[in-house]
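Chain E is fixed; fit chain R onto it per the hints.
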Amino acid sequence: MALSQLLSSSSRSGNRLKSLSSAISLRHPISTDTTPITVETSVPFTSHQCEVPSRTVQTNAKELLTFFRDMALMRRMEIAADSLYKAKLIRGFCHLYDGQEAVAVGMEAAITKKDSIITAYRDHCTFIARGGTLLEVFAELMGRQAGCSRGKGGSMHFYKKDSNFYGGHGIVGAQVPLGCGLAFAQKYCKDEAVTFALYGDGAANQGQLFEALNISALWDLPAILVCENNHYGMGTAEWRAAKSPAYYKRGDYVPGLKVDGMDVLAVKQACTFAKEHALKNGPIILEMDTYRYHGHSMSDPGSTYRTRDEITGVRQERDPVERIRKLILSHDLATEKELKDTEKEVRKEVDDAIAQAKENPVPDSSELFTNVYAKGLGVESFGADRKEVRATLP
Amino acid sequence: MAAIFQGVGAAATLSSSPSNSFDSNNSFLSPPRSFSVGKGASFSVIRSGGILNLNSKGRRAQQLISNAVATKADSAAVSSSSKPGHELLLFEALQEGLEEEMDRDLRVCVMGEDVGHYGGSYKVTKGLAKKFGDLRVLDTPIAENSFTGMGIGAAMTGLRPVVEGMNMGFLLLAFNQISNNCGMLHYTSGGQFTIPIVIRGPGGVGRQLGAEHSQRLESYFQSIPGIQMVACSTPYNAKGLMKAAIRSENPVILFEHVLLYNLKERIPDEDYICNLEEAEMVRPGEHVTILTYSRMRYHVMQAAKTLVNKGYDPEVIDIRSLKPFDLYTIGNSVKKTHRVLIVEECMRTGGIGASLTAAITENFNDYLDAPIMCLSSQDVPTPYAGTLEEVTVVQPAQIVTAVEQLCR
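Protein chains in written order, with the UniProt record's numbering: chain E, 1 to 394; chain R, 1 to 408.
Chain R on its own, in the form it takes in the complex:
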């Protein structure tokens, strides 16, 4: 049976957060430490696992999704009470998820450049061609516009293709297909066709790959109505999101990051899926909410160590769902801490951070004690020189300074 909720194997894992103790088996009404009572009404929430969570007195229970994150943090060491899963790297987790879904549903097929016989340029599809054959794992010529279009056409009939862009930046060539056909066909056909396609690939700033191979396409795709976007950051959520994306009836764009493919983590043996629209609570805290996703999560966690030493208690949320935003989790956090810092790898102009700032301001303006700070990459093409490239993206030191400024 698929365990639908997150952290099934690692729910008992405690994070390195100092003050929280959490009993995973029972209700989630763990007494909060020093909650600031918000103005909210009480409402019932059916959280992951189908456990009804009734809130009275306006206290919001926090669901600790403190799964083992492969950061420099020592969380892995305390996973003694979790089920023994198996350890693997992020690209292997993606492959596992893909393989399981292909086993489960004959309609799932993979298309992309070098995904078949070569095994995938980042080895995500390694071994699949041999196992499933050439009709299910398809090597395409270098023609993104048309093979993305073909994937969408196949999806219209009910197949579930997984289209890989060797680098997300190459999908700019398929922008027309993604925007007009993938996103809009469900609407313009009056609901007749669904497009259960998954478009995935690595993006982000790598190690001196040059400007054209270091693009962050989430900012370009975010306005397209009708698509969903998720970004994975750990082997656990990579596998979970891959599976959820394949099972979803909507077109999903799964953003991976070039530098995260070799992260190692222990993941559960049993079948699990991650919720596509939910954000992940990486580290609960009190003083400031730090919203981030993909690679910047690790920069944030590194900064968090420094911040903890300096006496701050940041709450780190990996938003994961870039479209739509999980305003529920984010909102709860804002209502608790009243300060928001967004750390992202997109450019400052028109990035995910910009949209998120707008969304939070619109919905939670009354809860904010300070203006939202957004740390993004510089509005420049990514330079080749290593030193310059480092300065293009947000570094942990800048995050520490920003938090100090926010919490003044």
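Excised from the complex, chain E in its bound form:
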């Protein structure tokens, strides 16, 4: 991950820790310690029609600190986006992911860039996890040229082709058939890779999901459908929208796994398990039990359909960043101050990216007509090979 390189380059703790020469001490330099640490996930997994992965997860200091940094970065980025939206620099729709960072980070830790991810409109953090830069995010949100889609997509249309991140889709549920299509292409080309198609608890009631799941199961496609269940489909609670809110069981003949989506290690374990499963046996459904602190989007206060107590309760008990912080501190992998320093660094990075994005120019007017068709149509008439036959239309 790009972020881990940033971590190792900016680590200042290495110097300080050299003075501790004890071999038994766990206080190794943050960026290089890979001694395995065993942690148990917060809750056991529940499964439907498949065996349950182990509750014990192997990890190490480097990984945990990377997790912490990545999630802190995402958290900061989303909060900064919140302020930018209120300052009217971001317009339209802005769906924030804070609270759900563990899903993006944990999933990324379990897979490679050859595996594909496709998600819906809450895609800022998934884009970062896949290797996108903060500048691309903020520039796209503000509609500038340096944005990942050249300013023409917006918040709901982040894509990164070279790391197999397929977006970024505004219509609820429409990305799941696309995801199964990606899995089909992987099977067709014998890629030995899998596709993670993410959707929400609201989209779980879409018919096209079941259609796509049926086809994926029939054709044995390496598709992993991940339901990010944050318990609210915009303003409608899941018990009011779904007769059966056990989304991991909805696949019927397709196995499913329910995961605590606020525990990044559990997410990582589940995704590793799912990838292995999908490559051998076809589709599997993962339900990530997660929560979003913000409303559905910036135009939704998020408090009309749930109590503030509920939100603060989840923040106190299940917050993914806090959980990792506690884990790091309890295993003595870094001091409180070091973590705070990381957070300050991250904050500065975000602020710098915003400043840079603000300087970036808006797209040229000619950009309106680029990328409508591949190789530009409507002005010149091309032959089938788009090489020779041309006529300039009057």
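Treat the hints loosely; a few may be bogus.
Unchecked claim - Derived Cβ-Cβ restraints for the label pairs, each shown as a range:
{"#": "1", "chain 1": "R", "residue 1": "D134", "chain 2": "E", "residue 2": "T370", "range": "36 to 42 Å"}
{"#": "2", "chain 1": "R", "residue 1": "D134", "chain 2": "E", "residue 2": "P36", "range": "40 to 46 Å"}
{"#": "3", "chain 1": "R", "residue 1": "I142", "chain 2": "E", "residue 2": "T38", "range": "47 to 53 Å"}
{"#": "4", "chain 1": "R", "residue 1": "D366", "chain 2": "E", "residue 2": "T370", "range": "28 to 34 Å"}
{"#": "5", "chain 1": "E", "residue 1": "T370", "chain 2": "R", "residue 2": "L368", "range": "30 to 36 Å"}
{"#": "6", "chain 1": "R", "residue 1": "P371", "chain 2": "E", "residue 2": "K161", "range": "46 to 52 Å"}
For the record, the hints were derived by calculation from the structure and aren't laboratory data. Note that CB positions come from ideal geometry on N, CA and C, so glycine has one too.
Positioned in the frame of chain E, the structure of chain R alone reads:
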């Protein structure tokens, strides 16, 4: 080598048009008969075959694409000097095109209902499953929304799926995928993804198939930015357009017609492609430009016989490219004849004819001597009863009357 230009085998074929003689081998500067000199500037045009065509004095040379059309016209009889090709039916031509492209490029795959083991409900994919296997010719369950979506997802990674709608009308269920994902992904991703998908299927009014199976979806899809639409009408252009559509980097919707699948024609043996954005000159003429596509071409040609007997000389153009319109060919024709009649099978409201009328009026208003007439189907669901269904679509007699009215 692929011969990229149209009419390669049949270029020497003369149409039944009375006054034109045409030498296909040399330059296309055949002296025009009675051209009305338009206001145009001279411009160079690289036409099909890469032959540079310089126009001076504002005369526009006409490229005669008088390939053998399987109409009631006797054009087939004069194809003696053309290369001996092979005769086949339109659905076989589509199949040939599809098979050749699948042979040529491993990334091409077909998905649709009953396309595999059954051979296709209109036999367009017959034999392909046996030849290419189940992973390249995929039988899908009846789930248009999702398998169209899957085709688009696969196209995003670089595969080239050909999605078949058993009847075009069923693709209404996939409208979201076609409009939002297929058409717009290239734009919203800032050019990162291309969607080289082909969506094809039969549409149009058939023989008493009922309202829901007689739909003309070209009018619904025409506004979607980012897609191309073509309509085939002869075995020659069916094969050519199928191949061009598969090779195109853009999403292409290929409209076939239920009633045209059994048309027979002789097509060249060698590899050829038809230009996706070009219209086809079916019958050059002087008095009026008749623009049409798909099945209505044959109604128009039938009316043309009557019109010729009555002394009119209609110019018939099969527009083929429904999005974008080939305003170049159409414009040249308008500048020559100054009268336009559009004959289409879409409904009157919001159909292809309506858009074409607007496009011609915007661009060529000064050249028109009379308002554009547009004959379309009635704005009703297609009835089952045969007599009523006949009246729903445009009949040759109405075309004759319209031309007479226009040329008054």
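Task: 28 to 34 Å as the expected CB spacing between T370/E and D366/R, which holds or is violated - done: holds, 31 Å
Open item on the list: Just to be sure I understand the hint, the distance between the Cβ atoms of T370/E and L368/R should be within 30 to 36 Å; is that true here?
Closed with: For L368/R against T370/E, whose Cβ atoms are near 34 Å apart, the range 30 to 36 Å holds.
Task: Distance restraint hint 47 to 53 Å, applied to the beta-carbon atoms of I142/R and T38/E - done: Holds, at about 49 Å.
TODO: Note whether the CB distance of D134/R and T370/E lies within 36 to 42 Å or breaks it.
DONE: With Cβ atoms ~40 Å apart, the hint holds.
TODO: Kindly confirm whether 40 to 46 Å is satisfied by the beta carbon distance between D134/R and P36/E.
DONE: Since D134/R and P36/E have Cβ atoms about 44 Å apart, the given range 40 to 46 Å holds.
Open item on the list: Against the range 46 to 52 Å, how does the distance between the Cβ atoms of P371/R and K161/E compare: consistent or not?
Closed with: holds, 49 Å
The structure agrees with every numbered hint stated previously.
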